[in-house]
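Produce the entire structure from the sequences given, and follow the hints as far as they go.
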Amino acid sequence: MTDARRADEVSRRVLRDALESHACVALWIVLSAVVILFNKYILSVYGFPYPIALTMTHMAFCSAIAFALVRVFKVVEPSEGMTRETYRERVAPIALLFAISLWASNTAYVYLSVAYIQMLKALSPVTVYGIGCAIGLETFTARRLGNLGVVTLGVMIASYGELNFNMFGFCVQLLAVVVEACRIVSVQIVLGKANLKLNPITTLYYVSPASFVFLLVPFALLEMPKIVYGYEVTHSVHYQAGIMLGNASCAFLLNLALYLLIGRTSALTLNVSGVIKDMFLIGISAAVFESPISATQLVGSLVAFSGVCYYNYAKLNEAQQKAAQELETQTEVKTGDNKLEKL
Numbered sequence: 001m002t003d004a005r006r007a008d009e010v011s012r013r014v015l016r017d018a019l020e021s022h023a024c025v026a027l028w029i030v031l032s033a034v035v036i037l038f039n040k041y042i043l044s045v046y047g048f049p050y051p052i053a054l055t056m057t058h059m060a061f062c063s064a065i066a067f068a069l070v071r072v073f074k075v076v077e078p079s080e081g082m083t084r085e086t087y088r089e090r091v092a093p094i095a096l097l098f099a100i101s102l103w104a105s106n107t108a109y110v111y112l113s114v115a116y117i118q119m120l121k122a123l124s125p126v127t128v129y130g131i132g133c134a135i136g137l138e139t140f141t142a143r144r145l146g147n148l149g150v151v152t153l154g155v156m157i158a159s160y161g162e163l164n165f166n167m168f169g170f171c172v173q174l175l176a177v178v179v180e181a182c183r184i185v186s187v188q189i190v191l192g193k194a195n196l197k198l199n200p201i202t203t204l205y206y207v208s209p210a211s212f213v214f215l216l217v218p219f220a221l222l223e224m225p226k227i228v229y230g231y232e233v234t235h236s237v238h239y240q241a242g243i244m245l246g247n248a249s250c251a252f253l254l255n256l257a258l259y260l261l262i263g264r265t266s267a268l269t270l271n272v273s274g275v276i277k278d279m280f281l282i283g284i285s286a287a288v289f290e291s292p293i294s295a296t297q298l299v300g301s302l303v304a305f306s307g308v309c310y311y312n313y314a315k316l317n318e319a320q321q322k323a324a325q326e327l328e329t330q331t332e333v334k335t336g337d338n339k340l341e342k343l
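Letter by letter, the sequence shown follows residues 1 to 343 of the UniProt record's numbering.
Derived by calculation from the structure, the hints in this document are not laboratory data.
Mixed in with the good hints there might be a few duds.
Computed list of lysine-lysine pairs in DSS-like fashion (alpha-carbon distance at most 30 Å, straight line) [stated by the list, open to error]:
id : residue 1 : residue 2
1  : Lys277    : Lys315
2  : Lys74     : Lys197
3  : Lys197    : Lys322
4  : Lys277    : Lys322
5  : Lys315    : Lys197
Everything numeric in this text was worked out from a predicted model, so none of it was measured.
This is how it looks when you write it as structure tokens:
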């Protein structure tokens, strides 16, 4: 095979992978926007301000559908490498992080606007990078630190300009960002283990039931008394099976898209792609829920998103340089082999 043909095959493979990755990103952005707006409506407008109960509904639905696909219809097979020890040491921690992340993020929608929450989510690449450096998945550089410092500065400016700031909601959302970053990196590591052979469906099959169980205690302590009181005394709890089923279905599809995206790309790609989704949601949510956005917030969000976009650009350049170096190394090895054959 000639060098030109090899380069052409590499180019085709890169293009195919890029198209698949972009399709996964687009699917995730659309479903994420739908679920976020749907959750905000249920928690703040519809009259069901119980984020743990809503999250448990999602986990129960995902568990049931995943069980049916794996055990009943046998669309996919369970992971052969999944043992009790593996489940306890690798899957259960991810399920715990997943439960906390969803609980915290849904709680934030009760206290903060969708637009402001999306601005705070610009910190996701910062947290993912920090965690990646801590465990050796990312290389620390001063330039990248400065780049992500710009993102942090933008979020601080946006927070200063928030017209309806709520400290509890702010802290809960920061917790959600940190825990979500830990979960994303953990999922990437687990999916990279060949002996597990997890796909999006089997990941939900193993993670969702455990997440549901982890949420039982906080639900029993924090929300169940309020729900029982609301039903029996004030009759103020709004609950329609059709709305909840539709919301849970969207959440299931989003979780599938999320694990598919992480499995095909990387944790950083997910967070950087989220910038597009966040900018889209800021505009849509401000119009739908009539949430005011100050000029200071706009400036801060533009600074933060510009920093994330530059970060994405830098990562792309690194990937291209790495691919070029690998191709050059392969060419040098083949040239050396040809010389040895002639000798």
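Hints versus structure:
At most 30 Å may separate the alpha-carbon atoms for a hinted pair to count; Lys277 and Lys315 meet this at roughly 19 Å. For the proposed pair Lys74 and Lys197, the alpha carbon gap of about 16 Å is at most 30 Å, so the pair holds. For the hint linking Lys197 to Lys322, the alpha-carbon distance of about 27 Å falls within 30 Å, and the restraint holds. Simply put, Lys277 and Lys322 have alpha-carbon atoms about 28 Å apart, close enough for the 30 Å limit, and the pair holds.
Taking the CA atoms of Lys315 and Lys197, the gap is about 28 Å. The hint holds against a cut of 30 Å.
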